[in-house]
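Novice: Residues per chain are reported as follows:
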Amino acid sequence: MSRGDGRDGNGPDENGRKGRGLRILLPLLLAVLVLGSWEGLVRWRQIPVFVLPPPSLILRALVGDAGTLGASLWLTLTITLQAFALAVVSGVALAVLFSQSRSLAAALYPYAVILQVTPVVAIAPLVIIWVGYERVDLALLILAWIVAFFPILSNTSLGLSAVDPNLRDLFRLYGASRRQMLLRLQLPSALPYLLAGMKVSAGLALIGAVVAEFVAGSGTASGLAWRIVESGNRLNIPRMFAALALLAGLGVLLFAMLSWLQARLLNRWHESGLDR
Amino acid sequence: MRYSAGNGRGADAEAGTAALAGIDLRVARGEFLSLLGPSGCGKSTLLRLVAGLLAPTSGRLSWAAAPAPGGIGFVFQEPTLMPWARVAENVRLPLDLAGVPRAEAAARAAALLEQVGLADFARAYPRELSGGMRMRAALARALVTGPQVLLLDEPFAALDEITRFRLNDDLLDLWRQTGFTALFVTHSVFESVYLSSRIAVLGPRPGRMVAERVVDLPWPRTAALRTSPSFNAVVREVSGLLASAMGEGERTA
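Here the protein sequences come in this chain order: A and F. When the letters of the first sequence are read in order and numbered with the working numbering, they come out as residues 1 to 276. When the letters of the second sequence are read in order and numbered with the working numbering, they come out as residues 1 to 253.
Chain A extracted, bound-state conformation (with noise of 0.2 Å):
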């Protein structure tokens, strides 16, 4: 059955279509319009560059610096994917045991709240410390796994309990085992929540990632934090605002991957995946 026959019938897809376009259309024109006028803005105002760069020469510093900041984008990239597969990992497994463990999860969730209240930048100087400077890579990655691991144990300990209670019956009058709740009926029943989670806790593995970058301090890392930092100290503006702006690219880029994962795996089921 295909996705026209259900309820929605033909109109909403090509007006689900139609909207897609505009999403994509309509914030590119506001930004060649802004882009366009800040370049005008800054040419006729003549601006100091140390002030604020014309895009142009944000363009040249991104294009000049392409393999310096093409390293530093690459660090950053990986210690935030490497801290967001991890908070997935664990917090999937964590909120898997507490779910199965009343006590367990009355123990270890106040901690799990209190590493998550804590400011990570008062907890990255301590980091850096005990792993040693040599290290700092790994300081920067348990770093952003602690702010990006709560998200997700919250979201899917809501999901693993928010099961349908008729559901839950059903499974108990066939003699379902823990294992089989679990696999067959918690876990699908906690995935939109998963995603959710993913979503919000993929941003907070790149804040982290360059929270702890900023706090690690000079020489130690490379990445776009420190080129940031870096060109701000030699007033290298333009450079400053190229590495601002691949680090919100790959903000963006994290948050559309995410967001595609969602609609491929939610859209058959859940109405989350309709289109609106």
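Just so you know, the hints here were simulated from the structure itself, not pulled from any lab data. As the structure is a prediction and not an experimental result, all values here were calculated from the model. Be a bit skeptical, because a hint or two may be false.
Partner residues are not named here, just some residues of chain F that face chain A (Cβ under 8 Å, in silico) [claimed, not checked]:
#1 53
#2 68
#3 72
#4 74
#5 125
All C-beta atoms in this analysis are idealised placements derived from N, C-alpha and C, irrespective of residue type, glycine included.
Model the placement of chain F on the given structure of chain A, informed by the hints.
Specialist: Coordinates of chain F only, in the frame set by chain A:
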């Protein structure tokens, strides 16, 4: 073979109030028994006790022959399908949970889907089906293990009348073909008279049995029966029983 649900007195585990008191009900094999009563009379609790989803706080539930695993099918008020699984996977679930080999389970599920008229929708997701079709899928799932007893908890209450009538007929067909014992909870007098070989009328707070009526209308039941004088006579009588169960006496009869 006979089994009796003797004097089952169950308690609502959550609220801690006695949901049932003084119910002595014997159910014969192969009969279609409706439990008719207003909301709050413990019909659903009784069904859950029989299903083993609740344990009685006092009283006793006894079987002439204890049902094997999968010997009881349950149809809930909502279709209660897994939204992430295709219709065929939903129907197959009881067999999968019991560890039945995949091929055999798939064949059984396909046969049941054919029987409820959903063969073309085996690969659809529940969201893509209408309310009536979802309920058919739930029926197929409940029957896939070949149960001796089918428990139905107001399964058609949320459907429109046309769909409900059609599903009534389909349910009776399935009952005649497979010969399960049906325990059907409803608050519709018409539905209970149309479907049942016997009706037990329950009164509310705490749930207790008020009256019993054997429905001796001819089989098979058809649409023509719904407007016949004999059908209406039984409906009038059962309505009277229900009214007195609710403490209104002869006024409505």
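Novice: For each hint, tell me whether it holds in the structure or not.
Specialist: Hint check results:
Among the interface hints, the one on residue 53 of chain F holds; its C-beta lies about 5 Å from the nearest C-beta in chain A, closer than the 8 Å criterion. Because the closest C-beta pair between residue 68 of chain F and chain A is about 11 Å apart, greater than 8 Å, the hint is violated. A cut of 8 Å between beta carbons decides the hint on residue 72 of chain F: the least distance to chain A is about 7 Å, and the hint holds. Using the Cβ-Cβ criterion of 8 Å, the hint placing residue 74 of chain F at the interface with chain A is satisfied: the shortest such distance is roughly 5 Å.
Look at residue 125 of chain F: its Cβ gets to within about 5 Å of chain A, closer than 8 Å, so that hint holds up.
Of the numbered hints stated above, the single one contradicted by the structure is hint 2.
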